[in-house]
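Q: Sequence:
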Amino acid sequence: AAKEAGSQLSGYADKLREMAGPMGKKVQGMLGGYADPLIYNARFVGAVLKQVYIAESLAPPKSLNALTSSYKTLYSRVIDANYFPSLIKSGEWKKVGVYAVEAYGIFTIGEMLGRRSLVGYKLEKHGNAHH
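According to this note's numbering, the residues represented by the sequence shown are 1 to 131, in order.
Please note that the accuracy of each hint is not assured.
[What the hints assert, rightly or not] Within a straight-line C-alpha distance of at most 30 Å, the following computed DSSO-like cross-link-like pairs (lysine-lysine) qualify:
#: 1; residue 1: K62; residue 2: K94
#: 2; residue 1: K25; residue 2: K62
#: 3; residue 1: K72; residue 2: K89
#: 4; residue 1: K50; residue 2: K89
#: 5; residue 1: K62; residue 2: K72
#: 6; residue 1: K50; residue 2: K15
#: 7; residue 1: K15; residue 2: K25
#: 8; residue 1: K15; residue 2: K26
#: 9; residue 1: K95; residue 2: K62
#: 10; residue 1: K26; residue 2: K50
#: 11; residue 1: K50; residue 2: K62
If you are wondering where the hints come from, they were derived from the structure by calculation, not from laboratory data. Predicted model, so just to flag it, every value in this text is computed and none were measured.
Turn these sequences into a full structure, and let the hints guide you.
A: So, in structure tokens, the structure goes:
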């Protein structure tokens, strides 16, 4: 399974390179000296993600029904008044808490990438700002 996943990802990368063609070379030329470090980092992240994918036995949903049933289950639990007290009694609240922290962490990383800044948004000084 690991070799299959690796060859599949490698095949996707080759197809992407082929589809990019001259445009990909143009973008690489525009990046100048940043191209090599970016490519290296992208490959490194890809290799790490592949290892996590294999180690955690991750797989995308096999059908749309599997995906919708997951969200239906989540929604039905959230609106059920007895669900949260049962979490506390069973001790499952710890597991749900870890999932919540993971989700918040992923959201926060996305925010940082979107802002291109670790803390806050870059604002103009008061004198230059338009009102």
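Q: Each hint: holds or not?
A: Going down the list of hints, with the structure as the test:
1. Restraint check for K62 and K94: the C-alpha separation of about 29 Å stays at or below 30 Å, so the hint holds.
2. For the suggested pair K25 and K62, the alpha carbons sit about 35 Å apart, so the restraint of at most 30 Å is broken.
3. Annotation: proposed proximity of K72 to K89 holds, straight-line Cα distance about 23 Å (limit 30 Å).
4. Restraint check for K50 and K89: the C-alpha separation of about 37 Å exceeds 30 Å, so the hint is violated.
5. The hinted pair formed by K62 and K72 meets the criterion: a straight-line CA distance of about 17 Å does not exceed 30 Å.
6. With a C-alpha separation of about 18 Å, the suggested pairing of K50 with K15 holds against the 30 Å cut-off.
7. Under the criterion of a C-alpha separation no larger than 30 Å, the hint pairing K15 with K25 is consistent with the structure, at around 15 Å.
8. Of the supplied pair hints, the one linking K15 and K26 holds, its CA atoms being roughly 17 Å apart against a limit of 30 Å.
9. With a CA separation close to 25 Å, the supplied pair K95 and K62 stays within the 30 Å bound.
10. About 28 Å separates the Cα atoms of K26 and K50, which keeps this hinted pair within 30 Å; it holds.
11. Annotation: proposed proximity of K50 to K62 holds, straight-line Cα distance about 19 Å (limit 30 Å).
In summary, the structure is inconsistent with hints 2, 4 from the numbered list given earlier, while agreeing with the others.
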